[in-house]
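Enquirer: Spelled out, the chains give:
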Amino acid sequence: MPKLKPSKGAPYARILGVGGYRPTRVVPNEVILETIDSSDEWIRSRSGIETRHWANDEETVAAMSIEASGKAIADAGISAEQIGGVIVSTVSHFKQTPAVATEIADKLGTNKAAAFDISAGCAGFGYGLTLAKGMIVEGSAEYVLVIGVERLSDLTDLEDRATAFLFGDGAGAVVVGPAPEPGIGPTVWGSEGDKSETIKQTVPWTDYRDGEVDKFPAITQEGQAVFRWAVFEMAKVAQQALDAAGITPDDLDVFIPHQANERIIDSMVKTLKLPEHVTVARDVRTTGNTSAASIPLAMERLLATGEAKSGDTALVIGFGAGLVYAATVVTLP
Amino acid sequence: MAATQEEIVAGLADIVNEIAGIPVEDVQLDKSFTDDLDVDSLSMVEVVVAAEERFDVKIPDEDVKNLKTVGDATGYILKHQG
Chain P
-7 MPKLKPSKGA
3 PYARILGVGG
13 YRPTRVVPNE
23 VILETIDSSD
33 EWIRSRSGIE
43 TRHWANDEET
53 VAAMSIEASG
63 KAIADAGISA
73 EQIGGVIVST
83 VSHFKQTPAV
93 ATEIADKLGT
103 NKAAAFDISA
113 GCAGFGYGLT
123 LAKGMIVEGS
133 AEYVLVIGVE
143 RLSDLTDLED
153 RATAFLFGDG
163 AGAVVVGPAP
173 EPGIGPTVWG
183 SEGDKSETIK
193 QTVPWTDYRD
203 GEVDKFPAIT
213 QEGQAVFRWA
223 VFEMAKVAQQ
233 ALDAAGITPD
243 DLDVFIPHQA
253 NERIIDSMVK
263 TLKLPEHVTV
273 ARDVRTTGNT
283 SAASIPLAME
293 RLLATGEAKS
303 GDTALVIGFG
313 AGLVYAATVV
323 TLP
Chain Z
429 MAATQEEIVA
439 GLADIVNEIA
449 GIPVEDVQLD
459 KSFTDDLDVD
469 SLSMVEVVVA
479 AEERFDVKIP
489 DEDVKNLKTV
499 GDATGYILKH
509 QG
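First to last, the protein sequences are chains P and Z. Under our numbering, the first residue of the first sequence carries the number -7, and numbering increases by one thereafter. Under our numbering, the first residue of the second sequence carries the number 429, and numbering increases by one thereafter.
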């Protein structure tokens, strides 16, 4: 039997650059109140959300991804030809074949980079990051682009008072590349398919096509069950990610949870007993819940405003429909 | 040892005070969590989880919606505590 040559990768990986794209249209709560019986005060007190961005016809999943990726590539100081992999996490790209990642890889000017889409809901960024790290350390790519992108406004039931205000659109991207020291800790991730009814698309596309329902499918959730799982179960996962990275909450500079809802963020911070000095991402207030895009968008904003700086140690955790989750500690680009 | 009704009400009062900032003396058996004590649906989840720990009881999501008053919660805990 011939002996196969092993692949040779980098010793470690880290995030080298981040970029974001927020659609031009800013939607305040007043617009949401045109279709649901609620109030600005109620929406803010239940979610922390004041405004969100909704994409227009030109701001497609691919277009937003290309904008965000261009910024991430520039931030990383590399050229698009050096990128060997493009991973796109999305649940709101309505043309499933071919993967949107291939169009993005081509339009960015990569040299035939491996490109594929993944579906891991609001945990998609962590899933993509983990795959990217594996590809780099294993040696199948030197640099990998990880993109979280959503047009959740297309999957929002504007007459559902429990979710109409929640979702937003946008894209966030990071470039992951080789590093002499670990810049992405071990990932603690998993799925709980027994809780698949907790957050889901209302009906399959085919039910709508076949006229079995009048309403276009939308994302729906059981608010209290999601809240309990997100706060109390995910706090345990976050702690496991810190333990796996060999650090304590005191070592953290920044906490970037999935921007699901500010109440979940507040309760997680309390449950995790994070020290006062840890900067907490609260991008949800003006971006809404953008699923897979929320963590890189929040990361980009914290670095842009100076609330966080390059080299800071950040705990990131994504969680959502599946249910699925992924947490890890990263060094900020 | 199982907690008495008085101990459960006092414990819930501490929890509601901690989570929603309501004075402990306002937490009475006939008070509604949402209408009288300003505990919204998400804070209610926090109250439930704290009560589970304190009284060694499991309160599944599907039962939470039935706990409208402090009396409902107290009765539930009395019946189900470990």
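Keep in mind the hints are simulated off the structure, nothing from the lab. Some hints could be false.
Unchecked claim - Label pairs and their computed distance ranges (CB to CB):
| # | chain 1 | residue 1 | chain 2 | residue 2 | range |
| --- | --- | --- | --- | --- | --- |
| 1 | Z | 494 | P | 3 | 32 to 38 Å |
| 2 | Z | 466 | P | 205 | 46 to 52 Å |
| 3 | P | 4 | Z | 445 | 20 to 26 Å |
| 4 | Z | 432 | P | 298 | 43 to 49 Å |
| 5 | Z | 445 | P | 108 | 47 to 53 Å |
| 6 | P | 26 | Z | 496 | 27 to 33 Å |
| 7 | Z | 494 | P | 298 | 25 to 31 Å |
| 8 | Z | 462 | P | 225 | 37 to 43 Å |
| 9 | P | 203 | Z | 435 | 53 to 59 Å |
| 10 | P | 74 | Z | 442 | 57 to 63 Å |
| 11 | Z | 480 | P | 37 | 22 to 28 Å |
What the hints assert, rightly or not - Computed list of chain P residues with no C-beta within reach of chain Z, every gap over 10 Å:
| # | residue |
| --- | --- |
| 12 | 35 |
| 13 | 153 |
| 14 | 224 |
What the hints assert, rightly or not - Think about it this way: if two alpha-carbon atoms lie no more than 25 Å apart in a straight line, the pair counts; the simulated SDA-like pairs of lysine to any residue are:
| # | chain 1 | residue 1 | chain 2 | residue 2 |
| --- | --- | --- | --- | --- |
| 15 | Z | 459 | Z | 500 |
| 16 | Z | 493 | P | 305 |
| 17 | P | 262 | P | 206 |
| 18 | Z | 493 | P | 152 |
A virtual CB, placed ideally from N, CA and C, is assigned to each residue, including glycine.
Enquirer: Identify every previously stated hint that the structure contradicts and give their numbers, smallest first.
Expert: 1, 2, 3, 4, 7, 8, 14, 16, 17
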